[in-house]
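S.K.: Given these sequences and hints, build the entire structure.
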Amino acid sequence: MLLEASGLTKRFGGVVALSSVDLSVAEGQVFGLIGPNGAGKTTLINVISGHFRADAGAIRFAGADVTALRPDQLARRGIARTFQSIRLFKGLTVLENVLVGGFVRGSPPARARALLEQFGLGGRADAFAGELAYGDQRRLEIARALAAEPRLLILDEPAAGMNPTESAALRDLLRTLAAEGITIVLIEHDVRLVMGASERVAVLSFGRKIAEGTPAEIQADPVVREAYLGTADA
Amino acid sequence: MADQIYNAIFIGSIYALFALGFTLVFSVLDILNLAHPALFTLGAFTALFAMQQGVPAALAVVVAFVVCGIAGVALDRVAFAPLRARGAPPLSAMISSIGVALIITRLIQFAYGPDFQSYPAGSLPAAVYSLAGVELDTLRSVIIACAIGLMLALTYLVRRTRLGRELRALAENPRAARLLGIDVDRAIAATFFLSAGLGGVAGVLYGFATNSPFSQMGLAFELKAFAVMIVGGMGSIPGAVLGAYLLAFGEIASLAVLPSELRDAFAYGLLFIVLLVRPAGVLGRRPPDRV
Amino acid sequence: MDDIGAFLVAYQTTIGTIGINALLALSVWLTLYTGQLTLGNAAFAGIAAYSSALLTLKAGLPFPLALAAGAMLAAAVSVPLGATVFRLRGVYLAIATLAFGEVVRVAILAIPITGRGQGLVGIPPKTELWHVFASLVVIAYVCARLRSSSVGRAWAAIREDEVAAASQGIPVRRYQLVAFVLGALIAGWAGGLAAHFDYAIQPDEFGFARAVQILVFAVVGGIPNVFGPILGALLFTALPAILQPLQEYRDIFQGAILVLVIVFLPRGLVTVFELRRTARLRTMGAEDVA
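Protein chains in written order, with our numbering: chain A, 1 to 234; chain B, 1001 to 1291; chain C, 2001 to 2290.
Check the hints yourself; a few may be wrong.
In silico negatives: residues of chain A with every beta carbon more than 12 Å from chain C [claimed, not checked]: (1) 37; (2) 50; (3) 91; (4) 96; (5) 122; (6) 130; (7) 162; (8) 165; (9) 172; (10) 175; (11) 211; (12) 221; (13) 226.
Derived DEER-like restraints, expressed as beta-carbon distance ranges [claimed, not checked]: (14) A/85 x B/1070: 38 to 46 Å; (15) C/2284 x B/1183: 51 to 59 Å; (16) B/1152 x C/2249: 51 to 59 Å; (17) A/223 x B/1165: 39 to 47 Å; (18) C/2117 x B/1128: 31 to 39 Å; (19) B/1085 x C/2119: 56 to 64 Å.
FYI, nobody ran anything at the bench for these hints, they're computed from the structure. No residue lacks a Cβ here, since even glycine has one placed at the ideal position from N, Cα and C.
M.R.: Shown next, in the form of structure tokens:
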């Protein structure tokens, strides 16, 4: 297991956002995380990536206890992520964004340019990140995350706002990355994308994990269906 | 001892009036209006001008309130509104307000020079009276009453009137406020009118008490106001009042222990400690640390 | 050549002050570049000014050593200060550093050896114009190199989005602290130079008004590159000298320039040379200072 989170609990004031959540992701796996809005998916990711401190529970990465580490320390250990609301460095150029992404590797320019080419952004290297079209920004964020050559890549709703062509391209990208051996945790609302790309899926609802299994098992699970139908989900 | 307490109440009232103006703008718009001290000074001098024309002191206070209020609205139109329109960060507004402060202060200096002035002889009450065996002066008692009255009026306005509700909505969530149909521009104008008006009145009242208004009088108060707001809680109106009296009493008390040169150190020392221990201040709600 | 010599002598004080102000503006620029609004650099300059002056005056230390000692003292003080206040954000950070500045000013007023309110007089006037400008060239160069290095890129990333920067592996607090301490070091060096330029120093020279003034130099001049703060210092220091006949209206001009620049050229005067870039940033809604 590359990533082992056990018993993660997080409270905000009186609200329990996460309640004793366990998550185990094997190396090289593509792991999907789904659930209705407000289920705690992003909170879980924020705890795993060090932005929030868990009130209870532990996280192990590559065999070491990383529970109390800061985001930059986790990045150095090989965890990279994208954000639900796209957090690019808007005032920096496309190239500079990817260079910063490679910070833990010394920002080698060659790798940055290669990534830009791979993501079809080579021609816009000197544009400001904020000038890019929405879809390009999403791809840039992923390119930036990859610049660090991470062992674990966490994607928080990478397909949000994408049209079917774009999300199909994203699915292909995920398969390519998985083939390269990168472990991926994927939060998504786009059911086809998640089920099509993931080997294993966990379902969160109201801060608890209510189901885990293969995509087929999850799609057949009545508990999952109830969780989704209980709230009017998109 | 009773004398000290009286003095502390007086100074606390002025601090409170001054800080209220600062806090009002900060809580509604998230900006630190560094032209506020200049409006404080403007109030004192507007009253001086009026009284030199024969206007009685009480009326002069009202005149100062209105004139400063209007100046505040104008200040917003010129220095802040264009920045808001493009979503500029608070730092820009701060710098802009510094520019306006320079201009206002200089204009006052043109009219009256940099030295201490005084209000026309006989225009201010000079009587003293006894209360529980202590001799108090009418002037400062009236000032204290005036200040407290204004604080109560402001609290009533914020809690019980429609304008107050609009201001609180704006403070919580500007976008939602607009969506709810609140006339945001009008509410902001009202905020500045009140803020500047109160600041101006604080200036007049302080000017009356010391009878020596001068063009740089706002500066010392500016720094104390920061301490007041931080201790009481930024963006909180009752916090500003609480912080003001806490600071005033603390300063007076510390005079017993510290030499007078270090009196100011009390304010800044307290400020520092509060920032480190509980940045939200006693009554503040806004979390100053973003995740 | 003679004319230049005469010019230099006549305006020596102003020119020297421009250089010193440029150094101070650069020191503030460093922290602004990382997105921190700190108002403590005038106090750092003050700490170094007094300590270096006392070292030459009372301990007879050679000028360069005193300068270095003063600057390092300022930097040393900035370390615990930065470590404690950087958890604060925006306005709170500004106020905290301001409070620090006031504590320093009050301390100077209280300690007898500093001459208290009267100030410190009789300081050997060791600072030559070339000291100031050599320092400026070296420090500006170092800052420019840092800015275009991966350190500068990390600082810019922190300014844009701290959370995202941390996710890329940048130790945010440490990098902010480095900028802060470096800024204190530069401000301290400038303070030492200033102390030995004027024969005498006063606590008020390093208070709130000065801190605000330095901030204005940097912000009005512009943050994008090192020329901004230098330009800002030049403009606001030279202006009063140039406008000698209009001395009375100096504050009005300065105030007006402040408002106009912030409203129309938000990233500072130096962006006059890159208007197209600013226009592109405007379409992104990212045209402001920090």
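S.K.: Need the list of violated hint numbers for this structure, in ascending order.
M.R.: 2, 3, 4, 6, 15, 16 and 19
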